[in-house]
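Residue numbers (numbering that gives the first Met the number 0), protein chains in the order written: chain C, 0 to 323; chain W, 0 to 274.
Heads up, some of the hints might be wrong.
As the list claims (entries may be wrong) - Computed cross-link-like contacts, DSS-like style, restricted to lysine-lysine with a CA-CA straight-line distance of at most 30 angstroms:
#1 Lys132/C x Lys4/W
#2 Lys132/C x Lys7/W
#3 Lys182/C x Lys233/W
#4 Lys238/C x Lys228/C
#5 Lys170/C x Lys233/W
Said to hold, decoys possible - Reference listing, derived: stretches of chain W covered by chain C, where coverage requires no fewer than 3 residues with Cβ under 8 angstroms from a Cβ of chain C:
#6 45-52
#7 105-114
#8 223-237
Read the hints as simulated data drawn from the structure, not as lab findings.
Just so it is clear, CB atoms sit at the ideal spot from N, CA and C, and this is done for glycine as well.
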Amino acid sequence: MVIYFAKRLLEMIPTIIGITLISFFIIHLAPGKPTDILSELNPKITPEAREKLEKYYGLDKPIIVQYGIWIKRLVKLDFGESFSTDKRPVWDKIKERLPITILINVLSLVLVILIAIPIGVSSATHQYSLYDKITTVVVFVGFAIPTFWLALLLMILFGIYLDWLPISGIKSLNYDSLSTVGKIRDMSSHLIMPVLLGAFGGLAGLSRYMRSNMLEVIRADYITTARAKGLSERAVIYKHAMRNALLPVITILGLSVPGLIGGSVIFETIFAIPGMGQLFYMSVMTRDYPLIMGVLTIGAVLTLIGNLLADAGYAIADPRIRNR
Amino acid sequence: MTFWKRFKKNKLALLGGIVVIFLFTIAIFAPAITPYDPNAINVHNILEPPGFTHPFGTDDLGRDILSRIIWGSRISLSVGFVAVGISTLIGVILGALTGYYGGWVDLVIMRFVDIMLSIPTFFLLLAVIAFLEPGISNIMIVIGLTSWMGITRLVRAEFLSVKEREFTQSARAIGAGDMRIIFRHILPNSLAPVLVSAVLGVAGAILTESALSFLGIGVQPPTSSWGNILTIGKDNIEIAWWLSVFPGVAILVTVLAYNLLGEGIRDAIDPRMKL
Numbered sequence: 000m001v002i003y004f005a006k007r008l009l010e011m012i013p014t015i016i017g018i019t020l021i022s023f024f025i026i027h028l029a030p031g032k033p034t035d036i037l038s039e040l041n042p043k044i045t046p047e048a049r050e051k052l053e054k055y056y057g058l059d060k061p062i063i064v065q066y067g068i069w070i071k072r073l074v075k076l077d078f079g080e081s082f083s084t085d086k087r088p089v090w091d092k093i094k095e096r097l098p099i100t101i102l103i104n105v106l107s108l109v110l111v112i113l114i115a116i117p118i119g120v121s122s123a124t125h126q127y128s129l130y131d132k133i134t135t136v137v138v139f140v141g142f143a144i145p146t147f148w149l150a151l152l153l154m155i156l157f158g159i160y161l162d163w164l165p166i167s168g169i170k171s172l173n174y175d176s177l178s179t180v181g182k183i184r185d186m187s188s189h190l191i192m193p194v195l196l197g198a199f200g201g202l203a204g205l206s207r208y209m210r211s212n213m214l215e216v217i218r219a220d221y222i223t224t225a226r227a228k229g230l231s232e233r234a235v236i237y238k239h240a241m242r243n244a245l246l247p248v249i250t251i252l253g254l255s256v257p258g259l260i261g262g263s264v265i266f267e268t269i270f271a272i273p274g275m276g277q278l279f280y281m282s283v284m285t286r287d288y289p290l291i292m293g294v295l296t297i298g299a300v301l302t303l304i305g306n307l308l309a310d311a312g313y314a315i316a317d318p319r320i321r322n323r
Numbered sequence: 000m001t002f003w004k005r006f007k008k009n010k011l012a013l014l015g016g017i018v019v020i021f022l023f024t025i026a027i028f029a030p031a032i033t034p035y036d037p038n039a040i041n042v043h044n045i046l047e048p049p050g051f052t053h054p055f056g057t058d059d060l061g062r063d064i065l066s067r068i069i070w071g072s073r074i075s076l077s078v079g080f081v082a083v084g085i086s087t088l089i090g091v092i093l094g095a096l097t098g099y100y101g102g103w104v105d106l107v108i109m110r111f112v113d114i115m116l117s118i119p120t121f122f123l124l125l126a127v128i129a130f131l132e133p134g135i136s137n138i139m140i141v142i143g144l145t146s147w148m149g150i151t152r153l154v155r156a157e158f159l160s161v162k163e164r165e166f167t168q169s170a171r172a173i174g175a176g177d178m179r180i181i182f183r184h185i186l187p188n189s190l191a192p193v194l195v196s197a198v199l200g201v202a203g204a205i206l207t208e209s210a211l212s213f214l215g216i217g218v219q220p221p222t223s224s225w226g227n228i229l230t231i232g233k234d235n236i237e238i239a240w241w242l243s244v245f246p247g248v249a250i251l252v253t254v255l256a257y258n259l260l261g262e263g264i265r266d267a268i269d270p271r272m273k274l
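This is chain C alone, in the form it adopts within the complex:
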């Protein structure tokens, strides 16, 4: 077991190098330079001043040399400094925004698991019933709804017509003057819609997946055996069938991490949440190369960690893998 995970961790290193290499080249080879934006703002800038600026940022060197410098600093967990006027270290900027994005995504994932799995199991055990048909239709519609549109609709309904929930940011203006309980309440009311929407994307897929797994498992011989030896239907479904149907779901959850992180760009921009997604959007708009690379790398690392956790979960849940 330990050897297996050590090996998996080592395997992550070439993948991360590959990811950063590809991202670095795509970003640096794309037309337009960060200095273009600076010079657009100041039409009086001379070509010499521009060159000086490029030299200052290290953009005059060949791209492979630039990558070499970047990766050398990365080994020491140094992502460099942002190109923006505050020139703060990239890692500091990411550090203050990472927790909120992770919090929202973890809560969404928990919500997805809590809702999708029971739905999947019950629609499988009641295949072709009215309930199954309704959930199938709901799932199909769920697949097709753009989350950012749903966000707008929820904002109109709960934020404007009913005025129950705040529609932007993660805390109210008077946040600092609130009591601890008040602070928690204030923040949760801000987070309800983003978390719901984050979960929504995964809900349809996972419940569908759980349903088809259950349908397959229910027909297996060992389920017939379990019924034949007189176990209650409850024990058959929840102990024998569900545990086996859950196994592939763990992998799917791991694979859903990049989608969740990518999706955070959309609702962090809609709800004005100061997280990684919003940071990335801003860094892309200002061509802040070090910041873009930093966020992309962290996003990829989170994805790989998600996959690793999924594998660990799989190993814990399945003795056939655990004992290998």
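Following the hints, position chain W against chain C.
Just chain W, lined up with the frame of chain C:
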């Protein structure tokens, strides 16, 4: 039972197919059926709620929303099809190479696939598109270039299984070359799942395009797309609900139709196909 007979029995899939045909008709005949010029600005009719003259209302420049949605369907359909065309082409070629040759070719390409899958796709899309000139042709290309990984895996799996079948081996025995075996013998036998995933891919590409346009880095105004009408909807969210509702319904119906059609085709070809 033939494919068509099985497909016909699936009412939802049939409905999806009819809606897809309907959308095509609308897109093709857009100039003839739109009540107004989609880009005609009318300062006397700003933010007018839905009514007799403007069934879906007007936007902040007085443009007719129904006309803009109809014209927007052209954008969605072309982005959907071109993007999927690109991703399917790349996926089929890479998948065929890895599945057929195996060895280091397989190792290198599949590693590349793993790497692409580990980068949050939407981040990558955003980075590339924001750097290029935002516009419809770049959107199509970039969506296509970032969504070929699934098809590659699919085609690879198909090739691995079809490669060992007797007809492939007998083709090899009579001296057919690699290219002939790949294109004449294996590929035609692997096309069904590719078709299904392409139809489902159109839905995905339409969703992605609308999200990008919504964020302001997709199709640029004044060209209307469902996503950028929703941006105006967001800016006027407290006063004009119709700007947020109708374009979203259009996206929902379109994506739903392609999904139903795709699943219907899959079930009619092979209900056990895993996609």
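Review point. Is the hinted pair Lys182/C and Lys233/W satisfied, with a Cα-Cα distance of at most 30 angstroms?
Key: holds, 28 angstroms
Review point. When you check the alpha-carbon spacing of Lys170/C and Lys233/W, does it fall within 30 angstroms?
Key: OK: Lys170/C and Lys233/W at ~21 angstroms, within 30 angstroms.
Check your understanding: At a Cβ distance under 8 angstroms, does chain C reach at least three residues of the segment 223-237 of chain W?
Key -> holds (count 5)
Review point. For the pair supplied as a hint, Lys238/C and Lys228/C, is the alpha-carbon distance within the 30 angstroms limit?
Key: holds, 14 angstroms
Check your understanding: Are 3 or more residues of the segment 45-52 of chain W near chain C, judged by a Cβ distance of less than 8 angstroms?
Key -> violated (count 0)
Point to revise | chain C covers the segment 105-114 of chain W, three or more CB atoms within 8 angstroms, holds or violated | key: With 4 residues close enough to chain C, the hint holds.
**Study point:** Distance restraint between Lys132/C and Lys7/W, which requires alpha-carbon spacing of 30 angstroms or less
**Key:** holds, 19 angstroms
Check your understanding: Quick one, are Lys132/C and Lys4/W close enough, alpha carbons at most 30 angstroms?
Key -> Given that 30 angstroms is the threshold and the Cα spacing comes to 23 angstroms, the pair holds.
Hint violations for this structure: number 6 only, all remaining hints satisfied.
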